[in-house]
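Engineer: One line per chain: the protein sequences are A and W, in this order. Mapping of the first sequence onto the working numbering: residues 163 to 275, in sequence order. Mapping of the second sequence onto the working numbering: residues 237 to 350, in sequence order.
These are calculated hints, taken from the structure and not from any lab test. Just so you know, not all the hints are guaranteed correct.
Some but not every residue of chain W turned toward chain A, in silico, with C-beta under 10 Å [as the list claims (entries may be wrong)]:
no., residue
1, Y246
2, L247
3, N267
4, F269
5, P275
6, G276
7, F284
8, G294
9, G344
None of the values given here were measured: they were computed from a predicted structure. Yeah, the Cβ is synthetic: ideal placement off N, Cα and C, and Gly gets one too.
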Amino acid sequence: GQQVMQIPQYQHVQEGEDFTTYCNSSTTLSNIQWYKQRPGGHPVFLIQLVKSGEVKKQKRLTFQFGEAKKNSSLHITATQTTDVGTYFCAGRSGGTSYGKLTFGQGTILTVHP
Amino acid sequence: DVKVTQSSRYLVKRTGEKVFLECVQDMDHENMFWYRQDPGLGLRLIYFSYDVKMKEKGDIPEGYSVSREKKERFSLILESASTNQTSMYLCASSAYDTGRNIQYFGAGTRLSVL
């Protein structure tokens, strides 16, 4: 079945440093979504990427979808303590899948003030 | 705002007990999902449902069953709870497959099986 691998599992940064998490799928994806889970909270949708090579920005967050639609990345510039949490990528395969997503293992981000 | 409500935040059960986890969504979503979340393993799909009385196995269905008698409610059943089912359980819902099927999650149920 489809597998989505995400690295690193953990990342500790000083406030103000940049952060990147990477996501790789074993199969070509129709789209990829990113979610954030704050400590003690539940995953919350951030963004969806659909097109090959697509780049989207949300303030300090930059999301990329690879040309082959098998990988993606999330980059945070100048991290803040409010960025702490677990970031998940979630891939959707083509065809009728009833909205089923395959989640990566997540990257736990800790930001030291 | 979409609201997905899980009946319990914390649950403690004994080995061998039958356990029901309930999930209700208020956005008339067709799709509903049950995941378990374990450290280092991310979110793993147990079962999902795309319509009333319709269900499909996810990646780790063993030891679980589900029920969807009404569109807004999706129940996860542990027929005979075991200690390896101690985990965080998350319910999610999404609209019909339109290509932008954002999943909305409940707050989660942390289940401990003793």
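Engineer: Which numbered hints turn out to be false for this structure?
Structural biologist: 1, 2
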